[in-house]
Amino acid sequence: MSEPANDLSCRELVEVITDYFDGSMSDAERARFDRHLGECTGCTRVVQQFRETIEASGRLSEDQVSDEQREAMRDVFRRWRATTATSEQRSSGP
Amino acid sequence: MDATSQTASDELELVERLRAGDEDAFMFLVDRLQPMMVRVARMYVSSQAVAEEIVQEAWLGVLKGIGRFEGRSSLRTWILRIVSNIAKTRGQREGRSVPFASLAGDDLDAPTFDPDRFLGPGEEWAGHWSTVPADWRGMPEERLAATETLSVVQSTIDTLPPMQAEVIRLRDVLGWTSAEVRNALDLSETNQRVLLHRARAKVRAALELEFTVEAET
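Listed in order, the protein sequences are those of chains L and W. According to the working numbering, the residues represented by the first sequence are 4 to 97, in order. According to the working numbering, the residues represented by the second sequence are 1394 to 1610, in order.
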């Protein structure tokens, strides 16, 4: 560790992993992050664990809409279409 | 993968069909967006029934407003924003203004890792790991995809403060971009990132516990 004052500690690094993934770091911050990873087994593992966590979340599926709600929304749509059809007839009528 | 925003031209086609009053296009959106619309509405109002009512109102707003949709945000973002606007107004009318902290969690400034995992001040390597975290790559490949693992992830997400839960669902379960999530949930760039990071850190910690317990038994 040649520049201790400038270096990221492990405690700080774990708080900015999402910034790192999202690309919201400056070039200097990113370089500092990468430099730390290059020297630190623990942080390399935790960053990898975050990747695996994201991957695991990606395997979940979104909730399904219930049949009841689905049909209720269909009714909303049909009622809306019926009223717009009527108003179009009215506006295009004599 | 969520299919409501595959490509710009698919989305344009969907918008055109909706404008033309195509029921299949409408139901396609209901199937994909209804559950998250209800969850978002539920953050601001007192009951599930009111949340469902708001979603109906939001769909009507979508149908009436689709002619004015300009595609400056994605369609799904625009729809979710309509829901949250109606829900917020309704929540206020109910005399229930929900403080941001109760949705986001009141621990946003706290460290996401237990401070005991790092060496304390005064130690030579202060701020560095006191014990090096385990290597998950030593686990069998299928372990991460196992049903028990996924149920740990699911149940952890379900117990997060609602805004953290919704951000991680949209970002990591459904693959939305950070710009879409910020827009849909009306969050600043920083808040979106902080919420996502806290959510991910909690899921990671739950998995770590699960894997450690397993290794010990």
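In short, the hints are calculated from the structure, not lab data. Errors might be hidden in some of the hints.
Stated by the list, open to error - Listed next, with one range per pair, are the computed distances between beta-carbon atoms:
| no. | chain 1 | residue 1 | chain 2 | residue 2 | range |
| --- | --- | --- | --- | --- | --- |
| 1 | W | GLY1513 | L | GLU71 | 54 to 64 Å |
| 2 | W | LEU1453 | L | GLY41 | 50 to 60 Å |
| 3 | W | THR1540 | L | GLU18 | 45 to 55 Å |
| 4 | W | GLY1568 | L | SER69 | 17 to 27 Å |
| 5 | L | ALA34 | W | LEU1405 | 14 to 24 Å |
| 6 | L | THR47 | W | GLU1535 | 43 to 53 Å |
| 7 | W | PRO1533 | L | THR47 | 55 to 65 Å |
| 8 | W | LEU1453 | L | GLU42 | 51 to 61 Å |
| 9 | L | SER27 | W | GLU1516 | 30 to 40 Å |
| 10 | W | GLN1485 | L | ALA34 | 41 to 51 Å |
| 11 | L | ARG73 | W | PRO1533 | 33 to 43 Å |
As the list claims (entries may be wrong) - Straight-line C-alpha distance at most 25 Å; calculated DMTMM-like pairs for lysine to aspartate or glutamate:
| no. | chain 1 | residue 1 | chain 2 | residue 2 |
| --- | --- | --- | --- | --- |
| 12 | W | LYS1481 | W | ASP1500 |
| 13 | W | LYS1481 | W | ASP1509 |
| 14 | W | LYS1481 | W | ASP1499 |
| 15 | W | LYS1457 | W | GLU1446 |
| 16 | W | LYS1457 | L | GLU55 |
| 17 | W | LYS1457 | W | ASP1499 |
| 18 | W | LYS1481 | W | GLU1582 |
| 19 | W | LYS1481 | L | GLU65 |
| 20 | W | LYS1457 | W | GLU1573 |
| 21 | W | LYS1457 | W | GLU1406 |
| 22 | W | LYS1457 | L | GLU71 |
| 23 | W | LYS1481 | W | ASP1579 |
| 24 | W | LYS1481 | L | ASP66 |
| 25 | W | LYS1457 | L | ASP25 |
| 26 | W | LYS1481 | W | GLU1406 |
In this text, a Cβ means the ideal position worked out from N, Cα and C, and glycines have one as well.
Here is how each hint holds up against the structure:
| no. | hint | in the structure |
| --- | --- | --- |
| 1 | GLY1513/W <-> GLU71/L: 54 to 64 Å | holds (56 Å) |
| 2 | LEU1453/W <-> GLY41/L: 50 to 60 Å | holds (56 Å) |
| 3 | THR1540/W <-> GLU18/L: 45 to 55 Å | violated (31 Å) |
| 4 | GLY1568/W <-> SER69/L: 17 to 27 Å | holds (24 Å) |
| 5 | ALA34/L <-> LEU1405/W: 14 to 24 Å | violated (41 Å) |
| 6 | THR47/L <-> GLU1535/W: 43 to 53 Å | violated (23 Å) |
| 7 | PRO1533/W <-> THR47/L: 55 to 65 Å | violated (21 Å) |
| 8 | LEU1453/W <-> GLU42/L: 51 to 61 Å | holds (58 Å) |
| 9 | SER27/L <-> GLU1516/W: 30 to 40 Å | holds (31 Å) |
| 10 | GLN1485/W <-> ALA34/L: 41 to 51 Å | holds (47 Å) |
| 11 | ARG73/L <-> PRO1533/W: 33 to 43 Å | holds (39 Å) |
| 12 | LYS1481/W <-> ASP1500/W | holds (23 Å) |
| 13 | LYS1481/W <-> ASP1509/W | violated (40 Å) |
| 14 | LYS1481/W <-> ASP1499/W | holds (20 Å) |
| 15 | LYS1457/W <-> GLU1446/W | holds (17 Å) |
| 16 | LYS1457/W <-> GLU55/L | violated (42 Å) |
| 17 | LYS1457/W <-> ASP1499/W | violated (38 Å) |
| 18 | LYS1481/W <-> GLU1582/W | holds (20 Å) |
| 19 | LYS1481/W <-> GLU65/L | holds (24 Å) |
| 20 | LYS1457/W <-> GLU1573/W | holds (22 Å) |
| 21 | LYS1457/W <-> GLU1406/W | holds (18 Å) |
| 22 | LYS1457/W <-> GLU71/L | holds (23 Å) |
| 23 | LYS1481/W <-> ASP1579/W | holds (11 Å) |
| 24 | LYS1481/W <-> ASP66/L | holds (23 Å) |
| 25 | LYS1457/W <-> ASP25/L | violated (36 Å) |
| 26 | LYS1481/W <-> GLU1406/W | violated (31 Å) |
Comparing the model with each numbered hint stated earlier shows that hints 3, 5, 6, 7, 13, 16, 17, 25 and 26 do not hold.
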